[in-house]
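Chains as they are written, first to last, in my numbering: chain A, 142 to 417; chain B, 3 to 285.
Treat the hints with care, as some may be off.
To be verified - For the chain B half of the interface with chain A, some residues (derived, Cβ under 7 Å), not all of them: (1) P24; (2) L38; (3) V40; (4) V270.
To be clear, the hints were calculated from the coordinates, so they are not data collected in a lab. C-beta: ideal position from N, C-alpha, C; glycine also.
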Amino acid sequence: MITRRSPNWQKALVYAFMGLYLMFVLLPIIWIIQGSLKTTAQALQLPPDLIFIPSFDAYRRILVGGQLDRAFLNSIRIAVVNVFLALFLGIPAAYALARWRSFASEQASFWILSVRMAPAFGIIVPMYMLMRWAGLIDTFWGVTLVHLTINLPLAIWLLRGYFVELPIALEESAQLDGANLIQILWHIILPMSRPMIVAVAALVFMLSWNEFLFAFVLTSESAVTVPVVITAIAGTMRFDWPLMSALASMSLIPAFLLVAYIQRHIVRGLTMGAVK
Amino acid sequence: MKRYFPLLSPALLILIVIVAFPTVYVFYVSTQQWLLSVPIREFVGLGNYIDLLTGPDFRSAFRVTIIYVVASTLLTGTAGFVLAFLMSGNLRGRNVMRTIVVLPLIVPPVVAGFAWKFLLSREVGLIGGWFLPSLGLEASMLADPNLAMVSILIADLWSKTPLMFLIFLAGLQAIPEDLYEMATMDGTRLGSLLRFIVIPLLRPTIALAVVLRLIDAINTFDLIYVMTSGGPGTATQTLPLLGWKIGFNYFDFGQASALAVIMLILVVVPSTIIIGRFTRLAD
Chain A
142 MITRRSPNWQ
152 KALVYAFMGL
162 YLMFVLLPII
172 WIIQGSLKTT
182 AQALQLPPDL
192 IFIPSFDAYR
202 RILVGGQLDR
212 AFLNSIRIAV
222 VNVFLALFLG
232 IPAAYALARW
242 RSFASEQASF
252 WILSVRMAPA
262 FGIIVPMYML
272 MRWAGLIDTF
282 WGVTLVHLTI
292 NLPLAIWLLR
302 GYFVELPIAL
312 EESAQLDGAN
322 LIQILWHIIL
332 PMSRPMIVAV
342 AALVFMLSWN
352 EFLFAFVLTS
362 ESAVTVPVVI
372 TAIAGTMRFD
382 WPLMSALASM
392 SLIPAFLLVA
402 YIQRHIVRGL
412 TMGAVK
Chain B
3 MKRYFPLLSP
13 ALLILIVIVA
23 FPTVYVFYVS
33 TQQWLLSVPI
43 REFVGLGNYI
53 DLLTGPDFRS
63 AFRVTIIYVV
73 ASTLLTGTAG
83 FVLAFLMSGN
93 LRGRNVMRTI
103 VVLPLIVPPV
113 VAGFAWKFLL
123 SREVGLIGGW
133 FLPSLGLEAS
143 MLADPNLAMV
153 SILIADLWSK
163 TPLMFLIFLA
173 GLQAIPEDLY
183 EMATMDGTRL
193 GSLLRFIVIP
203 LLRPTIALAV
213 VLRLIDAINT
223 FDLIYVMTSG
233 GPGTATQTLP
243 LLGWKIGFNY
253 FDFGQASALA
263 VIMLILVVVP
273 STIIIGRFTR
283 LAD
């Protein structure tokens with residue numbers, strides 16, 4: 142632990158270590174961004190040119206490509222619909238589980254938590270069969286529904302934890318005035334929970350955007366998402382480094398835009414509320 | 003109370019269809035001979051389990067998984083703890099450092115894997131193609147069976163340390179500052195500070211971090227798939243990659259389901275016990 146009174150050599154050691162670690166963190170991000178701005182010939186050159194004329198050719202190929210810009214549209218649509226469904230279904234359910242304290246509701250809450258902890262691989266085979274049976278393989282709704290298996294439990298669990306801590310007095314007086322549960326939810330709970338709802342929305346968007354395994358197994362062409370396309374191109378024999386780097390760089394944009402909303406709540410989200 | 007039921011039932015209904023049904027169904031499929039290419043299905047009891055457990059693939063994948071999970075937990079846990087410990091001290095530029103350290107958390111694992119594959123590539127990578135050879139190390143990181151696992155662990159360290167860091171930071175911030183002050187005034191050495199104050203107080207945090215990392219590591223598919231697809235050979239083929247191969251390359255749903263059940267048990271039993279204790283702590 143460094144304090145103001147620590148000797149200088151200790152401080153220097155800590156700063157040196159932190160400097161190295163920060164370089165380790167930034168290197169891959171800088172590397173793919175510089176790679177995305179090069180031509181294939183430039184990207185193959187080692188040691189790399191540090192000063193070069195940036196080329197936006199890779200980005201142009203993505204945006205007017207057909208297959209690739211479709212992956213971005215799919216990813217955005219799937220993530221946005223997931224945010225809506227997770228909130229629309231999750232808010233009432235979380236509220237019910239927060240206020241209805243009974244053995245049954247405790248069991249339901251616990252089951253929802255354990256779903257989040259279960260391996261995705263455990264349900265992927267039956268999920269694939271279910272989707273085949275329903276004719277939803279390689280469709281927008283197939284991927285959207287499957288992503289809900291991750292996002293809906295997450296939304297319910299986080300919102301439930303938040304609702305439990307809201308003061309109950311307002312709701313009780315509203316009930317005495319004859320308000321029903323939907324009215325209470327809409328007029329009292331929602332306005333009080335806006336920051337948490339925004340955080341959950343951002344988290345759901347990010348998890349859906351980043352999800353790979355389900356989308357990879359359930360799509361082949363028309364419903365592919367960005368991570369699926371990145372791996373598909375990364376797996377081909379002829380490496381098109383600038384194109385892949387541009388794809389990877391572009392896939393970082395939403396997360397970097399949302400980071401302000403996510404950062405404060407991400408620990409809570411990823412540990413399912415065990416760390417506040 | 004019945005009036006809460008209408009609020010709960012739509013979500014519950016969807017979760018039953020997309021989560022509970024597959025979870026139960028996987029047990030049924032695991033007892034069937036069920037290949038996509040063969041229309042005849044029959045009950046084989048534990049046959050799929052026996053085939054799987056006696057075959058060479060499972061044993062190798064199990065070994066690789068243990069190596070990966072243990073190494074990953076140790077590496078990311080240690081790095082996360084050290085970073086959190088250093089940064090809870092009096093450092094200038096702490097907020098900027100914190101933002102950068104957390105950055106990989108929002109990078110999709112597929113992108114993290116790709117970026118490291120690019121960096122470590124023998125042909126075009128800054129590290130694998132230029133830095134290491136200039137030190138006289140000519141081996142190809144991703145093509146050598148042992149080094150491929152090392153490559154994955156490097157990317158893993160990069161991608162998974164931030165969550166460990168944030169969990170430990172939250173735990174360290176909950177320790178009253180007076181304790182440190184007293185300890186440093188008494189001239190307590192760093193070793194005893196860690197051993198007698200920090201680590202005992204942090205025990206629940208450490209357990210939580212370890213459990214989360216274990217669960218996540220056993221399930222890791224994306225990072226490994228994009229970097230090596232389990233290769234070279236089967237050197238980095240963990241259980242999820244083997245399961246994917248059985249299920250979606252050979253389309254042997256019966257055996258893939260048997261593997262899924264084994265993984266469910268490997269993950270759910272210990273984590274349910276420990277997480278059950280933690281949620282009570284957190285409430």
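Cross-check of the supplied hints:
1. P24: P24/B check passes; min Cβ-Cβ to chain A is 4 Å, inside 7 Å.
2. L38: violated, 9 Å
3. V40: Cβ of V40/B sits 15 Å from chain A, so the hint is violated.
4. V270: holds, 6 Å
Comparing the model with each numbered hint stated earlier shows that hints 2, 3 do not hold.
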